[in-house]
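Chemist: Residue strings, one per chain:
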Amino acid sequence: MVNEIISKTTLLDYLQEVKDPEIPTISVVDLGIIEDVKIEAGNKVCIEMIPTFSGCPAIRFMQLEIINCLKKHGFTEVEVKVAYEKPWSSERITERGRKQLLEFGLSPPPRIKGEIEEKDLEQAICPKCLSQNTVIKNPFGPTLCRAIHYCYNCHETFEQFKPL
Amino acid sequence: MQNLEALKNLLYRLADDFLIMGHRDSEWIGLGPILEEDIAFASMAQDKVGYSLSFYTLLHELGEADPDTIAFKREAIHFKCAQFVEMPIQDYAFSLIRHFFFDYAADTRIQALKNSSYDKLRDLANKISRELKYHCMHAKTMVTQIAKGNEDGNSRLQEAVNTAFPMALSLFEPTEFCEELAQAGICPTEASLQKEWLQRITPLLIEASLSLPQVPEPNPYYGGRKGYHTDYLDELIQEMTAVIRLEPEAVW
Ligand SMILES: [Zn+2]
Numbered sequence: 001m002v003n004e005i006i007s008k009t010t011l012l013d014y015l016q017e018v019k020d021p022e023i024p025t026i027s028v029v030d031l032g033i034i035e036d037v038k039i040e041a042g043n044k045v046c047i048e049m050i051p052t053f054s055g056c057p058a059i060r061f062m063q064l065e066i067i068n069c070l071k072k073h074g075f076t077e078v079e080v081k082v083a084y085e086k087p088w089s090s091e092r093i094t095e096r097g098r099k100q101l102l103e104f105g106l107s108p109p110p111r112i113k114g115e116i117e118e119k120d121l122e123q124a125i126c127p128k129c130l131s132q133n134t135v136i137k138n139p140f141g142p143t144l145c146r147a148i149h150y151c152y153n154c155h156e157t158f159e160q161f162k163p164l
Numbered sequence: 001m002q003n004l005e006a007l008k009n010l011l012y013r014l015a016d017d018f019l020i021m022g023h024r025d026s027e028w029i030g031l032g033p034i035l036e037e038d039i040a041f042a043s044m045a046q047d048k049v050g051y052s053l054s055f056y057t058l059l060h061e062l063g064e065a066d067p068d069t070i071a072f073k074r075e076a077i078h079f080k081c082a083q084f085v086e087m088p089i090q091d092y093a094f095s096l097i098r099h100f101f102f103d104y105a106a107d108t109r110i111q112a113l114k115n116s117s118y119d120k121l122r123d124l125a126n127k128i129s130r131e132l133k134y135h136c137m138h139a140k141t142m143v144t145q146i147a148k149g150n151e152d153g154n155s156r157l158q159e160a161v162n163t164a165f166p167m168a169l170s171l172f173e174p175t176e177f178c179e180e181l182a183q184a185g186i187c188p189t190e191a192s193l194q195k196e197w198l199q200r201i202t203p204l205l206i207e208a209s210l211s212l213p214q215v216p217e218p219n220p221y222y223g224g225r226k227g228y229h230t231d232y233l234d235e236l237i238q239e240m241t242a243v244i245r246l247e248p249e250a251v252w
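Line order of the protein sequences matches chains G and E.
If you read the first sequence in our numbering, its first letter stands for residue 1, the second for the next number, and so on.
If you read the second sequence in our numbering, its first letter stands for residue 1, the second for the next number, and so on.
Quick caveat, the hints were computed from the structure, so don't treat them as lab data.
Hints may be right or wrong, so weigh each one.
What the hints assert, rightly or not - Which bits of chain E does chain G cover? Going by a derived footprint, with three or more residues having C-beta under 8 Å, they are:
hint, stretch
1, 52-62
2, 115-124
3, 128-139
Said to hold, decoys possible - Using 30 Å as the maximum straight-line C-alpha spacing, the simulated DSS-like pairs for lysine-lysine come out as follows:
hint, chain 1, residue 1, chain 2, residue 2
4, E, 80, G, 119
5, E, 133, E, 114
6, G, 119, E, 8
7, G, 113, E, 114
8, E, 120, G, 38
9, E, 148, G, 81
10, E, 73, G, 119
11, G, 99, G, 38
12, E, 140, G, 86
13, E, 195, G, 81
14, E, 140, G, 119
15, G, 128, E, 133
16, E, 114, E, 140
17, G, 44, G, 19
18, G, 86, E, 148
Remember, predicted model here, so these are calculated numbers, not experimental data.
Don't be surprised by glycine CBs; every beta carbon is placed ideally from N, CA and C.
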């Protein structure tokens, strides 16, 4: 067999199969947690990933899922490093990722320019009616990355993927 | 590497504060006055234990034992946390006020570390500071709402402030490395951090009609940074490590 080195694009396509266990519509690629990919000869690959929130319990799971996924696609040696010190930002979520969040019923984070400020944390779009007439109820929702907001238009609470 | 001992001392203080505070926060799971608060404390606990892991990882890179060993196989005397974080959770008023004091103090320090001359600490501070905004926001919102809600809420919080404030000052207990860290541009002195913290929380407390009490000198809660701890820390460590002691070599 010819030992052909595959392209980074193909590898990222493979990684579309690995989803966030807490939000199964979005992949690790669209979540923006894949920082670096190094493909080497001999079917070896080295991936660097960044956790969203520092305490994210899903990071270990996704790390293992990436290894399983790439081994399934024929890589013999897969190394996945977690760069805990690198800041992840919700700006790293792709446009496709933002749509996938909405499909899941989660409000995508507001777009942030520069340093995040307290007023950014209070903004949200209702995932049902897209109204911006909302108020934050609690910055801590059922998982670390989610906040609870209330929509004055639908009179219902909803969850948001927090801006970071 | 220059200033290595001083740097490690700072990292231990940061990591141990977050680990112990995180464990105390997690004790609210199932006990919160309302479900939302239960969840909030659980989330903040998760964040804090996460930060401690990041700092223990940095220490490991500087030659210390691996994070699990540091976190779970040390005696209380080797911990560098402030006595403030060791105290039992008591009632919700105390825990809320401790959360308010602790997170504004942590945020003040982490903001300063964004300019640290030690690049790895700077990177980590950049990451953590974004998340701590949520902790401060939560603390401020709850304190303001409860203190302004009615007289009962206000007087309970005032009582908690009276108890917790002298303890909270132990977060800024001076250490033998203070000056060295400041001169090397790694971390400002404890005195200057404390001053900045007070400048941030004072207007928020005034807004909530709460006032800070007088503090006895010397502060009876000093000592944690040197390894002098309350018995509460020992009890907490026993509890934290109960599972590990059952099966020391278990793989998770
Ligand atoms: Zn709506």
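Chemist: Does the stretch 52-62 of chain E contain three or more residues whose Cβ lies closer than 8 Å to a Cβ of chain G?
Modeler: With 4 residues close enough to chain G, the hint holds.
Chemist: Are the Cα positions of residue 99/G and residue 38/G separated by 30 Å at most?
Modeler: The hint holds at about 28 Å.
Chemist: Given the hinted pair residue 73/E and residue 119/G, is their alpha-carbon gap at most 30 Å?
Modeler: Violated: residue 73/E and residue 119/G sit about 42 Å apart, past 30 Å.
Chemist: Would the hint linking residue 80/E and residue 119/G be met if the CA-CA limit is 30 Å?
Modeler: This hinted pair is violated, its Cα atoms lying about 35 Å apart.
Chemist: With a cut-off of 30 Å on the C-alpha distance, tell me whether residue 86/G and residue 148/E pass.
Modeler: 39 Å, violated
Chemist: Between the stretch 128-139 of chain E and chain G, are there enough contacts, at least three residues with CB-CB distance under 8 Å, for the coverage claim to hold?
Modeler: With 7 residues closer than 8 Å to chain G, the stretch 128-139 of chain E meets the three-residue bar; holds.
Chemist: Using C-beta distances, would you say chain G covers the stretch 115-124 of chain E, given that this needs three or more residues below 8 Å?
Modeler: holds (count 3)
Chemist: For the pair we were handed, residue 120/E and residue 38/G, check the Cα-Cα distance against 30 Å.
Modeler: Given pair residue 120/E, residue 38/G holds - Cα atoms ~23 Å apart, limit 30 Å.
Chemist: Next pair to validate is residue 140/E with residue 119/G; report whether the Cα-Cα distance is within 30 Å.
Modeler: 14 Å, holds
Chemist: For a C-alpha distance cap of 30 Å, please report whether residue 128/G and residue 133/E respect it.
Modeler: 27 Å, holds
Chemist: Are the Cα atoms of residue 114/E and residue 140/E separated by 30 Å or less?
Modeler: Within the cut-off at roughly 23 Å; holds.
Chemist: Verify the proposed pairing of residue 119/G with residue 8/E, using a straight-line Cα cut of 30 Å.
Modeler: 36 Å, violated
The structure is inconsistent with the numbered hints 4, 6, 9, 10, 13, 18, although it conforms to all the rest.
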